[in-house]
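Engineer: Letter by letter, the chains look like this.
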Amino acid sequence: MPEIKELIKQLADKHGRTRESLLPILQGVITEERFISDAAMAEVARELDMSAALVYGTATFYSFLDTKPRGKYVIRVCKTITCDMKGKRQILQTLEDVLKVKAGETTKDNKFTLLEANCLGWCHKGPAMLINEEAYTELTPEKVSEIIGEYMKK
Amino acid sequence: MPDKKLKRVDLIFSDDCNCKDVLAAGLKKSNEEILKEILDSGLRGRGGAGFPTGLKWKFTSQEASEEKYVVCNADEGEPGTFKDREILTRVPMKVFGGMAICGKVIGAKHGYVYLRGEYQFLRADLEKVLEEFHANIKAEGFDFQIHILMGSGAYICGEESALFESMEGKRGEPRNKPPYPTIAGFRSKPTVINNVETLVYAFMITRIGADKFQELGTADSRGSKVFSISGDTPIAGIYELELGMSLEDFVEEFGDGDTKAVQVGGASGFCVPRKKFKDTIIGFEGVPTGGSMMLFNSSRSMYNVLKNYVQFFEEESCGQCTPCRVGCQQLIKGIEAVKKGEKSITYLNTLQKLADTMKVTSKCGLGQSVANSFSSIVDNFKEEMIY
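So the sequences go chain by chain: U and C. Per our numbering, residue 1 is the first one in the first sequence, and the count goes up by one each step. Per our numbering, residue 1001 is the first one in the second sequence, and the count goes up by one each step.
The hints are simulated quantities; they were obtained by calculation from the structure and are not laboratory data. It is possible that part of the hints are untrue.
[Stated by the list, open to error] One side only, chain U facing chain C, incomplete, derived with CB under 8 angstroms:
| # | residue |
| --- | --- |
| 1 | Leu22 |
| 2 | Leu65 |
| 3 | Ile81 |
| 4 | Thr82 |
| 5 | His124 |
[Stated by the list, open to error] Reference listing, derived: stretches of chain C covered by chain U, where coverage requires no fewer than 3 residues with Cβ under 8 angstroms from a Cβ of chain U:
| # | segment |
| --- | --- |
| 6 | 1113–1123 |
| 7 | 1176–1182 |
| 8 | 1222–1232 |
[What the hints assert, rightly or not] In silico lysine-lysine, DSS-like type, Cα no more than 27 angstroms apart, as pairs:
| # | chain 1 | residue 1 | chain 2 | residue 2 |
| --- | --- | --- | --- | --- |
| 9 | U | Lys100 | U | Lys143 |
| 10 | C | Lys1340 | C | Lys1353 |
| 11 | C | Lys1007 | C | Lys1260 |
| 12 | C | Lys1028 | U | Lys102 |
| 13 | C | Lys1307 | C | Lys1339 |
| 14 | C | Lys1353 | C | Lys1333 |
| 15 | C | Lys1005 | C | Lys1028 |
| 16 | C | Lys1189 | U | Lys125 |
| 17 | C | Lys1005 | C | Lys1177 |
| 18 | U | Lys125 | C | Lys1007 |
| 19 | U | Lys14 | C | Lys1170 |
| 20 | C | Lys1276 | C | Lys1363 |
| 21 | U | Lys14 | C | Lys1339 |
| 22 | U | Lys5 | C | Lys1170 |
| 23 | C | Lys1189 | U | Lys14 |
| 24 | U | Lys14 | C | Lys1138 |
| 25 | U | Lys68 | C | Lys1170 |
| 26 | C | Lys1363 | C | Lys1177 |
A virtual CB, placed ideally from N, CA and C, is assigned to each residue, including glycine.
Isolated chain U, as found in the complex (with noise of 0.2 angstroms):
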């Protein structure tokens, strides 16, 4: 808890204490966590003057602000249209089977977690899925094996 505390001050000293901040200040809990909890909501609201309901409100209309548990590395694999017709269940199903979760559940180590998500922007390069911020196109089970295998090691 005092680390989450500190973390808050310090994205509030950087974007300000204003309700525009409320967004960047979210974000960037979302960089250091993966997830807003109940108890970093609560301190984001103390520190801007605001309602914790506010907060909330905010947190949970963005897919990206999750505000359950998540793994270290967040794996959104697109299910829009184009990514679909290009294999992205064989996709799915590959990192399912090498992480041992289902989509929407985090590995046991709190290493992983897997999600579907709405269109990324790579429909001509489909399949495709983001770990964290980072893109991967072009998906082949066998890829999405060997990119996973190298996440594993960090």
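Based on the hints, put chain C in the right spot on chain U.
Structural biologist: This is chain C only, laid out in the frame that chain U set:
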């Protein structure tokens, strides 16, 4: 290699100009001169809606407010669109240049790029280019700062008033219109909000002049456009083409020989079946598009395509107004029930009525445009919805 029938244009990505010089020359022109150029060029917004860019700039310039803003809408989220990412990757200086020239014309000192969260990886490079840009603009003695704000994975924030809400740190829920952004946009101040591509065209028009731009395209759709081409095509990618082509010529060049339908304008656009390719013009006089062109060949189930689109809308609906929130849910349930045989074929007519109601009663473009893809797919591929 098939014959290239469609005219390739190279305005957006061309590197035959020095952005610094174009910017300097643009800033030396009078506001009236620039406005006249943009108006005369016939440039219309490239995000999809197609509002005349010159008018937007003119209206905002006429507002008396001390504080005004230029916003670059880089929240590209329409399925099948990826051109803005490419533009921001390859020619960010042109985007910033367009913003600065707009800032000069309307009297704004600050510009904002609202970049979708999915493109976070672009940010570091953009910040670097911004440093150089700010140095250039300072050298010209023009006071204008550009800031980058990030989205967080919400399609609806591409809707301009939702985007302002998000910039203000709120839920990205669209506002009632009017007032329009030219009167009350970001922070309720007069704001020009343009798509990434529009800003680059505006920038290039100050260089090549309105006449050169006008020579391209048709009376209703002047100039060229960057197309994002994906789906069943051997040459998926980004192409800048002259507006006003027939879909038949387009398919001949980009199809795989077995194209049965093209979705023009993304999930919120229209599905055109093979028999209508010949009579369909891509442009504001025909079927407009923000650039998204998705090709489907005969191996694809149009039921799956439609379901994918409606699910997309159902998830991305902000939930603020009932027609859109409940309508999307019911449309999915409905087509599933028809497919399973739980509802008769005539139920599709009921669903079409619902889609039409959403078009009339939804608060913003999201709910209003669900009917575009819904009706055009159901009308043209009814048998695929049932069997």
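Engineer: The structure should be examined with respect to each hint, and the outcome stated for every one.
Structural biologist: Hint check:
1. Because the beta carbon of Leu22/U sits about 4 angstroms from the nearest beta carbon in chain C, less than 8 angstroms, this interface hint is met.
2. Checking Leu65/U against chain C: minimum C-beta separation of about 5 angstroms stays under 8 angstroms; hint holds.
3. With its C-beta approaching chain C no nearer than about 5 angstroms, Ile81/U sits inside the 8 angstroms limit, and its interface hint holds.
4. Interface restraint check for Thr82/U: the shortest CB-CB distance to chain C comes to about 5 angstroms, inside 8 angstroms, so the restraint holds.
5. For His124/U, the shortest C-beta to C-beta distance to chain C is roughly 4 angstroms, which falls under 8 angstroms, so the interface hint holds.
6. Coverage of the segment 1113–1123 of chain C by chain U holds in this model, with 6 residues showing a Cβ closer than 8 angstroms to a Cβ of that chain against a need of three.
7. Only residues whose C-beta sits within less than 8 angstroms of a C-beta in chain U count toward coverage, and the segment 1176–1182 of chain C has 0 of them, not enough to reach three; the restraint is violated.
8. Three residues within the 8 angstroms Cβ limit are the bar, and the segment 1222–1232 of chain C against chain U gives 5, so the coverage statement holds.
9. Between Lys100/U and Lys143/U, the direct Cα distance comes to roughly 17 angstroms. Compliance with the 27 angstroms bound is thereby established for this hinted pair.
10. This hinted pair checks out: Lys1340/C and Lys1353/C have alpha carbons roughly 21 angstroms apart, not beyond 27 angstroms.
11. Annotation: proposed proximity of Lys1007/C to Lys1260/C holds, straight-line Cα distance about 24 angstroms (limit 27 angstroms).
12. Our distance criterion of 27 angstroms between C-alpha atoms is broken by Lys1028/C and Lys102/U, whose separation comes to about 59 angstroms.
13. With a CA separation close to 11 angstroms, the supplied pair Lys1307/C and Lys1339/C stays within the 27 angstroms bound.
14. Annotation: proposed proximity of Lys1353/C to Lys1333/C holds, straight-line Cα distance about 15 angstroms (limit 27 angstroms).
15. Distance check on the hinted pair: Lys1005/C and Lys1028/C sit about 39 angstroms apart at the alpha-carbon level, beyond 27 angstroms; violated.
16. At roughly 40 angstroms between alpha-carbon atoms, Lys1189/C and Lys125/U are farther apart than 27 angstroms, so this suggested pair is violated.
17. Taken as a hint, the Lys1005/C and Lys1177/C pair is broken in the structure, with Cα atoms around 42 angstroms apart against an allowance of 27 angstroms.
18. Proximity of Lys125/U to Lys1007/C is assessed by CA-CA distance (about 24 angstroms); at most 27 angstroms being required, the pair is judged to hold.
19. Under the criterion of a C-alpha separation no larger than 27 angstroms, the hint pairing Lys14/U with Lys1170/C is consistent with the structure, at around 19 angstroms.
20. Of the pairs offered as hints, the one joining Lys1276/C and Lys1363/C is violated, with about 31 angstroms between alpha carbons and a cut-off of 27 angstroms exceeded.
21. For the hint linking Lys14/U to Lys1339/C, the alpha-carbon distance of about 54 angstroms lies beyond 27 angstroms, and the restraint is violated.
22. Straight-line distance between C-alpha atoms of Lys5/U and Lys1170/C comes to about 22 angstroms, which keeps the hinted pair within the 27 angstroms bound.
23. For the suggested pair Lys1189/C and Lys14/U, the alpha carbons sit about 25 angstroms apart, so the restraint of at most 27 angstroms is met.
24. Under the criterion of a C-alpha separation no larger than 27 angstroms, the hint pairing Lys14/U with Lys1138/C is consistent with the structure, at around 25 angstroms.
25. A threshold of 27 angstroms between alpha carbons decides the hint, and for Lys68/U with Lys1170/C the separation of about 20 angstroms falls inside it, so the pair holds.
26. For the proposed pair Lys1363/C and Lys1177/C, the alpha carbon gap of about 9 angstroms is at most 27 angstroms, so the pair holds.
Hint violations for this structure: numbers 7, 12, 15, 16, 17, 20, 21, all remaining hints satisfied.
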